[in-house]
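Let's have the full structure, built from the sequences with the hints guiding it.
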Amino acid sequence: MTQATVGVHEENSQARIVLDGEIDLANASEVESRIHATLHNQLTRVTVDLSGVTYIDSAGVRLLVKLASRLKVVRTDFRIVVPSGSGARRVVEITGLEEFATDSS
Amino acid sequence: MTSSEVLSERERLERIESLTDGTLAYLDTEDLQVELLDRVCEMLTADAAMVLMLDQSRSRLVTRVARGIEEALHQGLSLPVGRGFAGRIASEQAPLVVEQPDDQLVERVLRERGFASLMGVPLISEGQLIGVLIVGSLRLQSFTQPDVDLLQSAGDRIALALQAHTSRAQLSAAVVLQRSLLPPHLPPIAGLEMDARYVPGEGGTVGGDWYDVFSLPSGHVCLIVGDVVGHGLPAAVVMGRLRSALRAYALTDLNPDKVLTYLDRKLRHFETSQMATILYGVFDPMLDKVRLSSAGHLPAMLTQTDGATIEVEVPPDPPLGVPLQAVRRTTVVDIPVGSSLCLYTDGLVERRGAHLNDGLALLRQTLVPGDPETVCTSIMAGMVGRTQPRDDIAVLVVKREARQPVKQLTLPAEPSSLAAIRMALRRWLVDRAISPTVLNDLLVAVVEASANCIQHAYGAAGGLIDLEMTVHGDTVTVTVRDTGQWRQRKDETGGWGLLLMEQCSDDLQIVRDDDGTSVTITRQMQEEEDS
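Here the protein sequences come in this chain order: E and L. Residues 1 to 105 (my numbering) make up the first sequence, in order. Residues 1 to 531 (my numbering) make up the second sequence, in order.
It cannot be assumed that every hint is accurate.
[Said to hold, decoys possible] Quick list of the computed label-pair ranges, beta carbon to beta carbon: (1) L/G495 with E/R45: 25 to 35 Å; (2) L/A402 with E/N12: 17 to 27 Å; (3) E/D103 with L/P187: 50 to 60 Å; (4) E/G52 with L/M286: 16 to 26 Å; (5) L/D358 with E/G52: 38 to 48 Å; (6) L/D284 with E/D103: 48 to 58 Å; (7) L/D284 with E/D77: 38 to 48 Å; (8) L/P184 with E/H9: 25 to 35 Å; (9) E/G52 with L/T387: 53 to 63 Å.
What the hints contain is simulated information worked out from the structure, not anything from laboratory work. Ideal placement from N, C-alpha and C gives every residue a C-beta, glycine not left out.
Here's what the structure looks like:
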């Protein structure tokens, strides 16, 4: 079974969501609801850190895109931390999420 | 019937016949006891009779059969050895007769019935007390020596039947337990081939030997061979508990030394005076290394691809259950592809009058490269042959698959299979010259194709995904097949899946027909040097 952990660090109305492990069809909706549970209306920036993600595919992309569009509506800044050369970076690049991506926070 | 000291010869014969009647042989243990109690009551003109059995702790007598005083059974009457009427018979292991018993002597249930005369005899089997047989009469009567003899004869008959019943029940319970804990099929684990054997010892007695193999959610693979000291049902029960506890600890800690430390603590606290030896190994997810910890167990054997077999040197720590605060250790051992590990219990290598080293040397010679099923068969043939093993034997052979150009995999079309597909692909490609980027691309392309199959190929009834992975020269080809009828997705949430499949493969072929869909992904193992 695919396993991932979701860690949340919040400071000055900025949330940093640290994902570790693997994300695919099997656990994407669980990861998504755990992320949603941490989001509240006072946030000015949300950063999703994929540095510890060893596998991600379209199921993970789908949740990131949904998150990005939702945050755009509520005018909250969105960033994805994903190291260059990683498998996650490649998936982020292929699926056009690169505009949100940075190497490090 | 009698209160005279002298019985006629005819009466004596009648009594004996009544207790040895051939038809009694056809009754089961329960019915036999009921029938004997009824006959005894009739001959002694008594009103009640019951059998009490010594419990496991040997400190209490528990009602097993009661006639004329059924409430003793319904209330679960249990009496301490050494006190009261039944307790005294047990502690003195001698017959006892009392008339008009005083309140101190008689247990409450007997008192409430108001017995005026009581008589009891011990039930002895193989020189050991196993219970007590008592009769009671509401009317005052003097039980005589012939009456005591009669009751003792009935008691002997019951003791014999009870003993036979107990050993039969324990033997079959131990066999059932052992079988339920040693499943005939080991779990399929990508990248490993394995097989195991268990044989009971002399007289078909099962013992506390066991083997176990399982995967953890992290992809680590655990293997165990253990041996609980002792035989029969008690050893099998402790084995079952250790097996469950070890599985639970394995889920929470990946360090074999830690898991054995927890297990030792558990055994010493809850199963005092039990001892066990265990060899416990944890494979890394890529299966190239195994971390081993030994609790006083014999060494594993590693059969290498060149044909040589060596003892795996793991310094043994004390067995589990001994009162030593051992600092347990873990040894890391490399397991090259194609080599295999053999774990076993002492019954395999210990022979009457032979030195242990000779047994180990013979095992080393017997172990040759091969598939685990063949290896297990030749181990048993070479080590056991035609002699009945004295002790029970457990053998587990786990082989790291040799590099295979073609690999097939069939899994249920469920989301939980995706992690297994990635693990299988990673293990299959682990020692190939493949760049990390290409490996990630292949994983993404294959999992996307599989996820499509899971979501669209089958209805609610579900189905299977077939994967065929091939390496030809520098090219990897993976075909993902289903036999379902493709259904267009209900909500079209972006075409990222197809996009990723296209971008992550050099060539992508999707063929859909009446038999189902097949997706073929082709990829060079090394990236083009054009960046």
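So, going through the hints one by one against the coordinates:
no.	hint	verdict
1	L/G495 with E/R45: 25 to 35 Å	holds (29 Å)
2	L/A402 with E/N12: 17 to 27 Å	violated (57 Å)
3	E/D103 with L/P187: 50 to 60 Å	violated (41 Å)
4	E/G52 with L/M286: 16 to 26 Å	holds (18 Å)
5	L/D358 with E/G52: 38 to 48 Å	violated (53 Å)
6	L/D284 with E/D103: 48 to 58 Å	violated (29 Å)
7	L/D284 with E/D77: 38 to 48 Å	holds (40 Å)
8	L/P184 with E/H9: 25 to 35 Å	violated (50 Å)
9	E/G52 with L/T387: 53 to 63 Å	holds (57 Å)
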